[in-house]
Amino acid sequence: MKSYINEFLGMEKPTDYYSGLLSDIEKLNKEHHFITTLNKDISYEKDGRLPFTVKANICVKGFETTAGSKMLRGYLPPFNATVVDKINASGRFSFLGETNMDEFGFGTFGLNTEVPARNAFDNDYVAGGSSSGAAVATAMLKYHVAIAESTGGSIATPAALNGVVGFTPTYGAVSRYGLIDYANSLDKIGVMARCAEDAKVAFDTIRGRDRYDTTCSVETIGNKKRKKLFVIKELMEKAEEPVKSAFERLLDRLGGNYEISEIDSKIMDKAIAPYYIIAMAEASTNLAKYDGYKYGFQNEDTNRKYNDFFTDARINFGAEAKRRIILGTFIRSESVKDKYYSKATQVRGMIIREMRSILEEGFIISPALPIATPKIENASKLTPTQNYAMDIFTVPPNLGGFPHITFPYEYHDGLPLGAQLVTGHANDYALFDFVSEWEELFEYRFRHNLGEI
Amino acid sequence: MNDLEFERLLKITRLRLDDLEKKAIQKDIEEVIGYFENISEISTEGEEKAHHPIKVDARLREDGILGFEDVEMLKRQSKLHDGYIVGPKL
Amino acid sequence: MKIGLEVHVALPTKSKLFCSCSMEDSDNPNSNICPICMGFPGSKPMLNEAAVRSALGISNALYCKINRKISFVRKVYFYPDLPKCYQITQMEESIGKEGYLELENKKVRIRRVQIEEDPAQIVRKGMLTLLDFNRSGTPLVEIVTEPDISTEEELREFIANLRSMLYYLGVDINKEMKADLNISVGETRVEIKNVTGIKSLIEATRFEVERQTEAIKNNEKIERETRGYNEKSRATESMREKETDEEYGYIYESDLSTFDISEMKHADPVYINKIAAELAGDSEVNPKTIREITMLNRSALAMIYRFRNRYRVRSIIHGIQRFEKYSDSTMKEEDSDRIEKLVKLIDEGKDISREIAEDIIAGKEVKVEYSDVSVEEIEKMVRKFLDENPGVLEEYKRNKKTVNLIIREISSKNNLHPKEVAAGAAAVLKSIAG
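Protein chains in written order, with this note's numbering: chain F, 90 to 542; chain U, 58 to 147; chain Z, 60 to 493.
Just to be clear, a hint being listed does not mean it is correct.
Negatives, chain U to chain Z, calculated, CB over 12 Å [stated by the list, open to error]:
| hint | residue |
| --- | --- |
| 1 | Asp60 |
| 2 | Phe63 |
| 3 | Lys84 |
| 4 | Gly91 |
| 5 | Tyr92 |
| 6 | Glu94 |
| 7 | Ile96 |
| 8 | Glu98 |
| 9 | Gly121 |
| 10 | Asp127 |
| 11 | Gln134 |
| 12 | Ser135 |
| 13 | Lys146 |
The calculated lysine to aspartate or glutamate pairs, modelled on EDC-like cross-linking and capped at a C-alpha distance of 20 Å, are [unchecked claim]:
| hint | chain 1 | residue 1 | chain 2 | residue 2 |
| --- | --- | --- | --- | --- |
| 14 | Z | Lys478 | Z | Glu424 |
| 15 | U | Lys136 | F | Glu449 |
| 16 | U | Lys112 | F | Glu326 |
| 17 | F | Lys426 | Z | Glu436 |
| 18 | F | Lys426 | U | Glu104 |
| 19 | F | Lys470 | U | Glu88 |
| 20 | Z | Lys128 | Z | Glu163 |
| 21 | F | Lys426 | U | Asp120 |
| 22 | Z | Lys184 | F | Glu389 |
| 23 | Z | Lys156 | Z | Glu201 |
| 24 | F | Lys359 | F | Glu326 |
Bear in mind the hints are in silico, worked out from the structure with no lab data behind them. Using N, Cα and C, we set each Cβ at its ideal position, and we do this for glycine too.
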């Protein structure tokens with residue numbers, strides 16, 4: 090089985106390995122903006138290990154961690170996220186830097202930040218969001234794993250658009266301690282890599298119960314093989330060309346090994362509204378703490394009365410963050426809470442129940458996105474709900490905390506198309522085996538191989 | 058959403074928008090709330106609320122003291138005065 | 060008149076509610092802090108078991124229905140002392156609900172007992188607002204009553220009983236009690252927020268009741284509003300608009316989960332009023348006296364229980380009372396040996412002078428010896444006493460217990476052992492009254 094991690098660890102590396110890599114990254118970063126913080130102290134003598142990056146919402150002690158927001162500019166976390174401690178403790182990886190993202194994770198295409206990341210294959214195209222930089226970095230660097238994060242599709246979408254493996258674990262399998270919160274009941278730290286085996290190694294390095302995150306309680310991960318692949322009719326109806334035909338070709342290729350059937354779901358296509366309701370309600374509470382004097386952006390004018398002081402500071406949020414704070418606050422209001430927030434949590438329960446019973450029988454497979462990679466200029470014209478509709482395939486497993494993996498399956502006009510495979514809670518390992526099998530039939534393409542030895 | 062409700066939300070979220078932003082965001086918000094209305098068609102009678110996607114095996118923390126290793130770095134993030142963190146005027 | 064309270068009490072724990080920072084007082088501001096109690100991005104709460112256990116004991120003592128499964132909510136509001144700009148507190152799935160606290164003549168219903176975190180402390184220095192996060196994350200319970208209190212006396216009684224109950228559950232009642240009040244003399248409910256200390260609580264109530272009564276008398280409209288209490292001017296005054304539930308926008312705290320506490324053990328309550336009534340019942344002591352001594356003193360209660368089979372309860376009570384009076388302090392566990400010496404003498408009917416009592420309290424060796432008198436002499440004294448007090452014999456014929464009076468009088472006046480006097484008295488009475 091292909092593993093870049095094993096290949097790298099077994100190789101004789103040039104002593105200036107990292108200095109060459111850093112200068113290559115800096116050059117390409119000027120066009121693709123995938124790295125926001127670079128660890129320039131990384132060195133072969135000191136480290137000599139496989140470089141890893143973290144999404145800019147994962148705290149690394151002493152390194153600027155902004156979650157893509159002006160609100161956190163200059164913030165040097167005084168502690169490591171649990172995943173960072175675990176990676177460091179493994180002795181196999183060296184911290185290379187932090188990767189670009191939509192502000193606080195709010196975006197499907199990576200455009201909701203001051204300087205958006207651009208697609209690794211063609212910088213006129215979107216990188217996908219919100220873990221935009223993580224996906225681009227993975228597609229750029231030959232020997233590297235990315236620690237990313239998904240709330241509603243933030244690993245699957247950019248991984249698909251940059252032709253890498255993107256894995257989102259079962260909710261609660263990886264500690265969120267030190268992850269700058271978007272929506273606490275939805276956020277999942279996951280990984281991106283250039284092959285399934287490396288994603289598995291990275292997942293095993295970061296997973297496990299953590300006393301610092303009460304909700305991180307999934308200890309045992311299973312590997313129940315499935316022979317059936319389900320395609321959800323109501324979701325597939327939303328797919329457009331060329332995705333539709335390409336995906337059918339994928340199913341044809343998988344047909345030899347799997348029993349594929351199209352099934353109905355009357356509820357999975359309703360997942361987007363409850364997802365955004367819960368995500369925004371939670372986000373609007375998480376973003377309350379940014380008020381300009383404790384960390385990150387400092388409002389120097391402490392002579393201002395506190396309400397004006399806070400309002401002056403909070404001007405630094407980007408437009409999408411402001412939208413979500415206002416919307417989230419509205420749907421939490423006591424008078425409409427039952428209608429939106431409480432109801433959404435009930436619909437979530439129904440969706441989980443239905444998906445769980447489907448996933449007992451087999452995997453759910455779909456394209457990662459209903460459209461091919463859009464150009465930046467086109468994606469930036471979409472209205473909010475047009476944007477949200479792009480999450481039709483990625484939201485159901487994210488809302489239900491189901492593990493899912495994205496893998497490239499075809500190249501269209503030189504850009505990758507990605508498919509998404511979902512399995513039941515705590516059956517994460519089955520996903521890596523499926524993609525490893527697929528990798529026997531498929532040749533990955535990359536435009537850059539930085540750090541190639 | 059009427060202007061009064063929108064202004065109320067801006068006040069309680071401590072957000073200030075310029076006129077252009079206000080117009081755009083207010084319109085977006087109306088669009089999104091309209092979209093959210095869709096869930097009212099789903100019958101949820103008798104359904105439990107799913108606060109988490111999975112059942113969390115939640116554990117309590119034993120009451121013990123463990124100091125934080127880098128208190129100075131916590132404090133260094135803000136403006137200080139005699140060891141206190143300086144906040145805005147009341 | 061209706062008065063309701065929301066009382067905040069700090070729970071007795073070593074560490075904070077959601078992090079492992081020490082609860083010990085510190086002279087240095089911002090020394091017991093970490094990313095969690097400062098609400099740093101990415102930090103998450105870890106719920107302290109001891110805080111839950113303590114809150115469970117309190118809910119149980121207040122006869123609350125206990126929620127088997129508890130969860131938390133976020134209450135969002137912006138204020139400089141609130142690190143996350145939301146407070147983690149409880150609502151529907153709070154630890155206790157629908158209980159009561161018993162007063163002499165009524166039950167004050169408890170709506171809810173909830174666990175929540177305390178914000179940071181604000182210190183004002185000139186123009187500066189200074190924040191100390193040592194207090195941030197202190198575990199609190201909020202006890203919310205129905206508006207069942209109707210007089211100042213009842214309010215005092217409620218506070219006294221609550222404090223006693225909390226004291227016996229291990230809560231440090233020397234920490235100042237903080238409360239919000241709601242008071243309606245007429246139809247309109249007025250809230251008074253953030254009243255600190257019992258004295259202020261009583262004074263704020265008194266002021267507000269008078270203010271509202273006066274307004275009603277003068278046909279003035281009472282605003283439905285939130286007021287604060289100014290300790291300097293001893294008056295309540297209108298304060299900034301507080302947020303309402305509409306703005307707080309409570310949602311489930313999903314950084315925590317739902318905790319099943321059905322197997323959790325907790326301390327049993329001590330209800331001093333009941334205990335005092337029981338002890339008074341067979342000891343001819345005023346229950347109020349027992350209450351006063353034991354309300355906030357577990358050593359005194361332990362002493363009564365330990366010695367009640369050896370000495371009369373009233374002797375123990377008198378012993379403790381005299382100890383506390385002469386030493387001008389409340390008794391402690393280590394005083395009980397010396398107090399027992401006092402109690403023993405009192406129980407034997409000795410008349411102890413203040414000097415002797417103070418010597419005993421000071422731990423000096425004090426010998427109180429009885430005079431050596433023959434049986435015949437004692438019988439003579441008894442007869443003489445009966446001759447001088449003819450009513451006593453009549454009384455004795457109606458109530459044989461009067462013999463105790465005779466014994467006490469003669470033994471204490473003559474420094475005799477009560478047992479010897481009892482024998483003499485019995486013989487004399489038998490020969491006179493049969």
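Cross-check of the supplied hints:
1. The claim that U/Asp60 is not at the interface with chain Z holds, since no C-beta of that chain comes within 12 Å of its own (minimum 18 Å).
2. Remark: the non-interface label on U/Phe63 is consistent with the geometry, its nearest Cβ contact in chain Z lying 15 Å away (cut-off 12 Å).
3. With 12 Å as the threshold on Cβ separation, the claim that U/Lys84 sits away from chain Z holds: the shortest Cβ distance comes to roughly 23 Å.
4. Every CB of chain Z is more than 12 Å from the CB of U/Gly91 (nearest about 21 Å), matching its label as outside the interface.
5. Taking the minimum C-beta to C-beta distance to chain Z, about 20 Å, the non-interface status of U/Tyr92 holds against the 12 Å cut.
6. With a minimum CB-CB distance of about 19 Å to chain Z, U/Glu94 clears the 12 Å threshold, and the non-interface call stands.
7. Every CB of chain Z is more than 12 Å from the CB of U/Ile96 (nearest about 16 Å), matching its label as outside the interface.
8. The claim that U/Glu98 is not at the interface with chain Z holds, since no C-beta of that chain comes within 12 Å of its own (minimum 23 Å).
9. The non-interface label for U/Gly121 is inconsistent with chain Z: the shortest C-beta to C-beta separation is roughly 6 Å, within 12 Å.
10. Annotated as non-interface, U/Asp127 brings its C-beta within 12 Å of a C-beta of chain Z; the closest such distance is 9 Å.
11. Distance check on U/Gln134: its Cβ comes as close as 8 Å (rounded) to a Cβ of chain Z, failing to clear the 12 Å threshold; non-interface status is violated.
12. Non-interface status of U/Ser135 relative to chain Z is broken: a Cβ of that chain comes within 12 Å, the nearest being about 9 Å off.
13. At the 12 Å boundary, the C-beta of U/Lys146 falls inside the reach of chain Z, the nearest C-beta of that chain being 6 Å off.
14. A distance of roughly 24 Å separates the Cα atoms of Z/Lys478 and Z/Glu424; the hinted pair therefore is violated under the 20 Å criterion.
15. Straight-line distance between C-alpha atoms of U/Lys136 and F/Glu449 comes to about 55 Å, which puts the hinted pair past the 20 Å bound.
16. Between the alpha carbons of U/Lys112 and F/Glu326 the distance comes to roughly 32 Å, so the proposed pair goes past 20 Å and is violated.
17. Distance restraint check for F/Lys426 and Z/Glu436: the Cα-Cα separation of roughly 91 Å exceeds the 20 Å cut-off, and the hinted pair is therefore not satisfied.
18. Restraint check for F/Lys426 and U/Glu104: satisfied, since their Cα atoms lie roughly 16 Å apart, inside the 20 Å limit.
19. For the suggested pair F/Lys470 and U/Glu88, the alpha carbons sit about 15 Å apart, so the restraint of at most 20 Å is met.
20. The straight-line distance between the Cα atoms of Z/Lys128 and Z/Glu163 is roughly 33 Å, outside the 20 Å bound, and the hint therefore fails.
21. Our distance criterion of 20 Å between C-alpha atoms is broken by F/Lys426 and U/Asp120, whose separation comes to about 35 Å.
22. With a C-alpha separation of about 18 Å, the suggested pair Z/Lys184 and F/Glu389 falls inside the 20 Å cut-off, and the hint holds.
23. With a C-alpha separation of about 11 Å, the suggested pair Z/Lys156 and Z/Glu201 falls inside the 20 Å cut-off, and the hint holds.
24. Restraint check: the Cα-Cα separation between F/Lys359 and F/Glu326 comes to about 13 Å, which is no more than 20 Å; the hinted pair holds.
Taken one by one, the earlier hints fail for this structure at numbers 9, 10, 11, 12, 13, 14, 15, 16, 17, 20 and 21, listed in ascending order.
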